[in-house]
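S.K.: Here's the letter readout for the chains.
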Amino acid sequence: MADIAFLALTVITIGSAIAALEMRSLIYGSIALMGTLGGIAGFFLLLDAPFVALFQIAVYVGSIAVLILFTVMLVKRELIFKKIEDKRRKFAGIGLMLIVMVSLGAIFIDSGIKTITTDEPPVDFRDIGADFVIYYWPALILMGLILAGTVTGALVLARRVDVEDDQRTN
Amino acid sequence: MTNELIDFTLVSVALLGIGIYGLAVKRNFIRMLFAIEIIINAANLNLVAFGRFIPDSGGQTLALFSIAIAATEVAIGLSLIIVAYRMYQNVDIADFRSLKG
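Chains as they are written, first to last, in the numbering used here: chain G, 1 to 170; chain V, 1001 to 1101.
No wet-lab data here; the hints were simulated from the structure.
Note that the Cβ used here is the ideal one computed from N, Cα and C, for glycine as well.
Be aware that a few hints might be false.
[What the hints assert, rightly or not] Here are some chain V residues pointing at chain G (derived, C-beta under 10 angstroms): (1) Thr-1009; (2) Leu-1015; (3) Ile-1020; (4) Val-1025; (5) Leu-1045; (6) Phe-1050; (7) Ile-1054; (8) Ala-1063; (9) Phe-1065; (10) Ile-1069; (11) Val-1083; (12) Asp-1092.
Produce the entire structure from the sequences given, and follow the hints as far as they go.
M.R.: Following this line, the structure appears as structure tokens:
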């Protein structure tokens, strides 16, 4: 049976996920998305994974959400508050959401997952560090290269060529 | 531990459903990115939950990789939004017609 902290986190996470998609203002929407990401970090703490929880807070709540907020601020003011959607599509979307939730939920409840419980101690974060350097070091190096490449790619994509040319002529 | 694996799985199914709804209904590029983030977080929650109940450190390791890759995905997605916004002065994906094949 779930405890109070779990129920509170569930309400926060799912409520702010709906708010992130449905709020009229994109700025409030991105703040609500921060709530969802923080709620997931809380779930990680409940699952005895403090290392992943802190990583989640540092990367998602700390950097990604702030990056999204800055991008939203670059967009025109009227576009931030404009909601673009049509009614029929919305009802179809709600239907699709309910089908996914009910069918996948029924499959999971009906499967053997319900009987899985554990009394074993949680995984030590030193094991995760050992995993990274012993087994997954090629993947770690590859990930570092991908991160560097992606940040460079993002900077090149967002660069304004016309402004630079103007500056050069001046 | 009082919480069971099925509880975490059901939360992640709910988040997946909300994310799919957002991708299907919203036409705003930034909101679609929100929906993708919600779906990725649902997957990470599942990874860590299964890793706790098996128990195995692989779940948390994979979740850490997944979080880092999601960060790069957001960086590229946001720079694409900025480029598209500069070209079309809009964030409605229906306006991005020249991207059609």
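S.K.: Each hint needs a verdict: does it hold in this structure or not?
M.R.: Okay, the hints, checked on the actual structure:
Because the closest C-beta pair between Thr-1009/V and chain G is about 5 angstroms apart, less than 10 angstroms, the hint holds. Below 10 angstroms, beta-carbon pairs count as interface contacts, and Leu-1015/V has one with chain G at about 6 angstroms; its hint therefore holds. With a least beta-carbon distance of about 6 angstroms to chain G, the hint placing Ile-1020/V at the interface is held under the 10 angstroms criterion. With 10 angstroms as the threshold, the beta carbon of Val-1025/V comes within range of chain G, its nearest partner Cβ sitting at about 4 angstroms, so the hint holds.
A hinted interface residue such as Leu-1045/V counts as satisfied when its beta carbon comes closer than 10 angstroms to some beta carbon of chain G; here the least separation is about 6 angstroms, so the hint holds. The interface hint given for Phe-1050/V is met, as the beta carbon of that residue sits about 9 angstroms from the closest beta carbon of chain G, less than 10 angstroms. Evaluation of the Ile-1054/V hint against chain G yields a held restraint, the C-beta minimum of about 8 angstroms falling below 10 angstroms. Using the Cβ-Cβ criterion of 10 angstroms, the hint placing Ala-1063/V at the interface with chain G is satisfied: the shortest such distance is roughly 5 angstroms.
A hinted interface residue such as Phe-1065/V counts as satisfied when its beta carbon comes closer than 10 angstroms to some beta carbon of chain G; here the least separation is about 6 angstroms, so the hint holds. A distance limit of 10 angstroms between C-beta atoms decides the matter here; for Ile-1069/V the minimum to chain G is near 7 angstroms, and the interface restraint holds. Interface hint at Val-1083/V: satisfied, since its Cβ lies 6 angstroms from the closest Cβ of chain G, which is below the 10 angstroms cut-off. Taking 10 angstroms as the C-beta contact cut-off toward chain G, the hint placing Asp-1092/V at the interface holds, the least distance being around 5 angstroms.
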